[in-house]
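Okay, here's what each chain looks like letter by letter:
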Amino acid sequence: MKSTLKLTLGLTSAMFASTAVSNVAHAEDLTLCWAAWDPANALVELSKDFTKESGIGMKFEFVPWTNYADRFLNELNSKGKLCDLIIGDSQWIGGSAENGHYVKLNDFFDKEKISMDDFVPATVVGYSEWPKNTPNYWALPAMGDVVGWTYRKDWFSKPELQKEFKEKYGWDLAAPTTFDQLKQIAEFFQKREIDGKTVYGASIYTERGSEGITMGAMDVLYSFGFKYENPDKPYEMDGFVNSEKSVKGLEFYKALYDCCTPPGASNSYMGEGVDAFKSGQVAMHMNFAFTWPGLQKDENVGGDKIGYFANPKGPDGDQFAQLGGQGISVVSYSDKQEAALKYIKWFANKDVQAKWWSLGGYSCLNAVVKDPSFPASQPYAQTFLDSMAIVKDFWAEPSYAPLLQASQKRFHDYVVAGQGSAKDALDGLVKDWTEVFQDDGKM
Amino acid sequence: MLNRTADSVARATPEPLARKVRGISDKGLAWLFISPTILLLLAINIFPLFWAIYLSFTNYRANRPNEVVKNVGLANYKRILGDQDIWIAMQTTAHFVFWTILLQTLIGFTLAWLIDRKFRGHAFWTTIILVPMMLSPAVVGNFWRFLYEPQIGLFAYAISFVSGIPATEIGMLSNVSLAPWSIIIVDTWMWTPYVMLICLAGLRSIPEYIYEAAEVDRASNWRQFWSITLPMALPFIMLAVLFRGIENFKMFDMVNLLTGGGPGSTTEVASITLKRQAFESWRTGYSSAFAIILFVAVFGLANIYVKALNKVKQR
Chain F
1 MKSTLKLTLG LTSAMFASTA VSNVAHAEDL TLCWAAWDPA NALVELSKDF
51 TKESGIGMKF EFVPWTNYAD RFLNELNSKG KLCDLIIGDS QWIGGSAENG
101 HYVKLNDFFD KEKISMDDFV PATVVGYSEW PKNTPNYWAL PAMGDVVGWT
151 YRKDWFSKPE LQKEFKEKYG WDLAAPTTFD QLKQIAEFFQ KREIDGKTVY
201 GASIYTERGS EGITMGAMDV LYSFGFKYEN PDKPYEMDGF VNSEKSVKGL
251 EFYKALYDCC TPPGASNSYM GEGVDAFKSG QVAMHMNFAF TWPGLQKDEN
301 VGGDKIGYFA NPKGPDGDQF AQLGGQGISV VSYSDKQEAA LKYIKWFANK
351 DVQAKWWSLG GYSCLNAVVK DPSFPASQPY AQTFLDSMAI VKDFWAEPSY
401 APLLQASQKR FHDYVVAGQG SAKDALDGLV KDWTEVFQDD GKM
Chain H
1 MLNRTADSVA RATPEPLARK VRGISDKGLA WLFISPTILL LLAINIFPLF
51 WAIYLSFTNY RANRPNEVVK NVGLANYKRI LGDQDIWIAM QTTAHFVFWT
101 ILLQTLIGFT LAWLIDRKFR GHAFWTTIIL VPMMLSPAVV GNFWRFLYEP
151 QIGLFAYAIS FVSGIPATEI GMLSNVSLAP WSIIIVDTWM WTPYVMLICL
201 AGLRSIPEYI YEAAEVDRAS NWRQFWSITL PMALPFIMLA VLFRGIENFK
251 MFDMVNLLTG GGPGSTTEVA SITLKRQAFE SWRTGYSSAF AIILFVAVFG
301 LANIYVKALN KVKQR
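Residue numbers (the UniProt record's numbering), protein chains in the order written: chain F, 1 to 443; chain H, 1 to 315.
Calculated from the structure, these hints are not laboratory results. The reader is advised that the hints may include incorrect statements.
If you anchor each label on the Cβ, the simulated ranges turn out as follows [said to hold, decoys possible]:
| id | chain 1 | residue 1 | chain 2 | residue 2 | range |
| --- | --- | --- | --- | --- | --- |
| 1 | H | 295 | F | 196 | 40 to 48 Å |
| 2 | F | 134 | H | 69 | 25 to 33 Å |
| 3 | F | 79 | H | 14 | 41 to 49 Å |
Here are the simulated DSS-like pairs of lysine-lysine, each with C-alpha atoms no more than 25 Å apart in a straight line [stated by the list, open to error]:
| id | chain 1 | residue 1 | chain 2 | residue 2 |
| --- | --- | --- | --- | --- |
| 4 | F | 158 | F | 168 |
| 5 | F | 166 | F | 305 |
| 6 | F | 254 | F | 191 |
| 7 | F | 442 | H | 78 |
| 8 | F | 79 | H | 275 |
| 9 | H | 307 | F | 442 |
Backbone N, C-alpha and C define an ideal beta-carbon position, used for all residues, glycine too.
Input sequences plus hints: build the corresponding full structure.
Written out as structure tokens, the structure is:
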């Protein structure tokens with residue numbers, strides 16, 4: 001009887017002990033919030049090393065891009081404790097810094113000897129700094145990204161198409177270096193029969209609901225001469241946003257949409273673009289660089305069939321590209337800030353960053369991207385580097401959301417619905433943005 | 001048996017509790033039972049309504065929790081009433097409500113009238129007709145989006161087959177002129193059965209002897225329809241119009257799934273604008289004012305309509 005009692009007591013104690021241990025482990029688990037996309041899967045894989053090293057478990061909260069901003073901005077605004085770490089979009093940095101959602105990382109960086117000079121400058125400005133171009137850091141650059149292009153190298157290299165193209169346009173069919181060339185190629189492929197299938201010129205961003213058409217149109221407008229404001233007088237937008245060059249840029253984007261996109265592509269963003277390219281519908285495809293590893297591996301369109309090029313030059317030779325990507329921040333409402341900072345310290349490590357790139361993430365660490373072996377490490381690596389060197393980003397002001405909504409409406413109304421002129425759209429945009437900044441007391 | 005059970009329950013009730021219960025009047029007991037519901041209603045309906053009214057007079061933004069909230073008086077209301085985009089959204093809503101109600105009422109009543117003939121297999125066909133109404137709007141929105149797809153969609157192929165226009169040129173969701181109709185078609189497909197059901201109830205409530213009397217008076221079928229069927233079914237038709245009108249005035253899910261308000265802003269109904277202002281632009285005070293305006297508009301119109309409905313019923 002005594003031995004039975006002892007056994008029972010022993011088992012019960014062991015059960016309690018194991019529960020307590022597992023509870024302690026769970027209490028230390030960190031939750032990282034991000035978008036549900038390919039790089040997030042790579043991060044899950046990468047983070048297993050962190051758990052091994054630190055004993056801190058990682059949980060992930062991934063939300064599809066279409067709901068990403070709504071979901072996580074709501075979480076931050078309501079001071080929720082769901083996320084200990086968040087990889088927030090670059091445009092959130094102003095609002096998240098000013099509203100106290102993110103922990104300021106300057107002291108931590110100083111203490112841990114993490115230098116922002118070790119990261120690609122554009123990513124530091126884009127993902128970490130608020131106010132821009134000041135040494136106030138709210139995130140560690142985590143995922144470099146930029147809008148670039150993929151093309152069907154196998155179609156471009158068909159001798160009969162090369163011959164026909166040369167006869168028609170007088171230059172060799174190859175990856176375009178100017179937007180004029182890009183449009184000529186797109187026109188050439190539009191509704192062409194290739195391998196018994198009708199194909200189309202290009203897939204571009206036209207999505208209305210979140211940020212799609214703004215990212216696409218801006219990607220073109222920058223190289224045509226669009227500027228957000230007077231460089232000498234902040235928030236003065238008249239004559240810059242709606243300059244003649246900007247108008248030409250927007251007209252070009254509409255012309256590209258009208259002439260050379262697949263039927264029904266009136267609400268197309270990252271996912272739809274990938275689908276159009278993967279299904280062999282389009283000759284060229286505008287998209288963020290994060291899509292390239294997946295496309296490179298694709299059996300039907302990847303491997304030798306795919307090529308990459310950076311955003312082409314505008315009429316005056318200017319060349320810019322829309323910045324994507326995000327930094328990783330510690331949420332100020334988290335009870336586990338210490339553990340979250342440990343993760344950031346681990347993530348900033350060179351070896352971890354090198355593995356991050358090898359798994360399909362885009363490292364922003366100079367030591368990784370400036371390594372001599374980097375350009376040859378992947379077929380798209382050089383294009384990524386070229387593109388990251390020419391980036392510009394949308395407003396990152398605390399009011400980025402209404403600013404974005406205004407451009408979504410103005411651009412979609414003109415480009416897709418064909419309402420009014422490019423000048424009307426950009427004049428309207430100046431009016432909308434002025435109202436937003438007036439509401440904010442900045443004008 | 002029942003008394004015995006009640007007695008045993010009464011005996012089992014502890015004395016202090018039993019004393020308390022005995023002290024409560026019938027009215028008190030009624031209040032005790034309905035108070036959880038009332039509290040719930042106050043918490044999730046009434047309080048948010050008053051809170052929204054309060055917010056509509058402020059510059060509050062939900063994404064700036066640390067900012068000082070200022071009273072702006074009627075500024076939000078003035079801005080909304082002077083905002084051209086809001087008026088365009090209201091026109092789009094009115095266009096959508098008008099055509100969906102017209103089509104649903106005409107087709108719904110016709111179907112009800114046909115089903116009421118009680119032909120062979122009418123029960124089976126009634127069930128088949130009701131199927132769209134039983135589906136989730138999310139499912140309907142998604143599969144119609146595929147049906148409308150110009151490259152692979154069956155709808156585009158069907159129209160192409162009939163008209164000879166290439167399917168790839170039938171962009172129901174991307175064409176500015178066609179997009180509003182694409183939503184009207186789906187809403188009509190989905191909700192006509194609902195109107196039909198209400199109209200059928202109306203038709204079945206008309207006593208048979210009235211028709212028999214009309215037959216005796218040698219009234220033609222046409223005359224019977226105009227003098228008996230339509231007037232007697234009218235209150236039911238009006239009820240269906242009221243229900244569909246209120247629902248479609250606040251239509252969100254279908255539009256959001258099919259077009260998201262596009263192309264451009266051609267299908268941006270009021271509820272989509274409201275969602276954008278509230279949860280994308282984070283203008284909480286402004287969107288609260290817009291919500292109150294919409295609420296007053298629907299409430300006012302519905303009240304006028306209900307009065308008209310009562311008059312028709314009294315005739």
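Between residue 442/F and residue 78/H, is the straight-line Cα distance small enough, at 25 Å or below? The given pair, whose Cα atoms are some 22 Å apart, holds under the 25 Å limit.
Assess, step by step, whether the Cα of residue 166/F is no farther than 25 Å from the Cα of residue 305/F, and give holds or violated. OK: residue 166/F and residue 305/F at ~21 Å, within 25 Å.
Straight-line alpha-carbon gap residue 254/F to residue 191/F, limit 25 Å: Holds, at about 18 Å.
For residue 307/H and residue 442/F, compute the direct alpha-carbon distance and say whether it is at most 25 Å. This hinted pair is violated, its Cα atoms lying about 51 Å apart.
Could you grab the alpha-carbon distance between residue 79/F and residue 275/H and see if it respects the 25 Å cut-off? This hinted pair holds, its Cα atoms lying about 21 Å apart.
Are the Cα atoms of residue 158/F and residue 168/F separated by 25 Å or less? 15 Å, holds
Does the beta carbon distance between residue 295/H and residue 196/F stay inside 40 to 48 Å, or does it fall outside? Violated - the Cβ-Cβ distance for residue 295/H and residue 196/F, about 57 Å, lies outside 40 to 48 Å.
Does the hinted range 25 to 33 Å hold for residue 134/F and residue 69/H at CB? Cβ of residue 134/F to Cβ of residue 69/H: about 29 Å, so the range 25 to 33 Å holds.
Starting from the hint 41 to 49 Å, judge whether the C-beta atoms of residue 79/F and residue 14/H obey it. 45 Å, holds
The structure is inconsistent with the numbered hints 1 and 9, although it conforms to all the rest.
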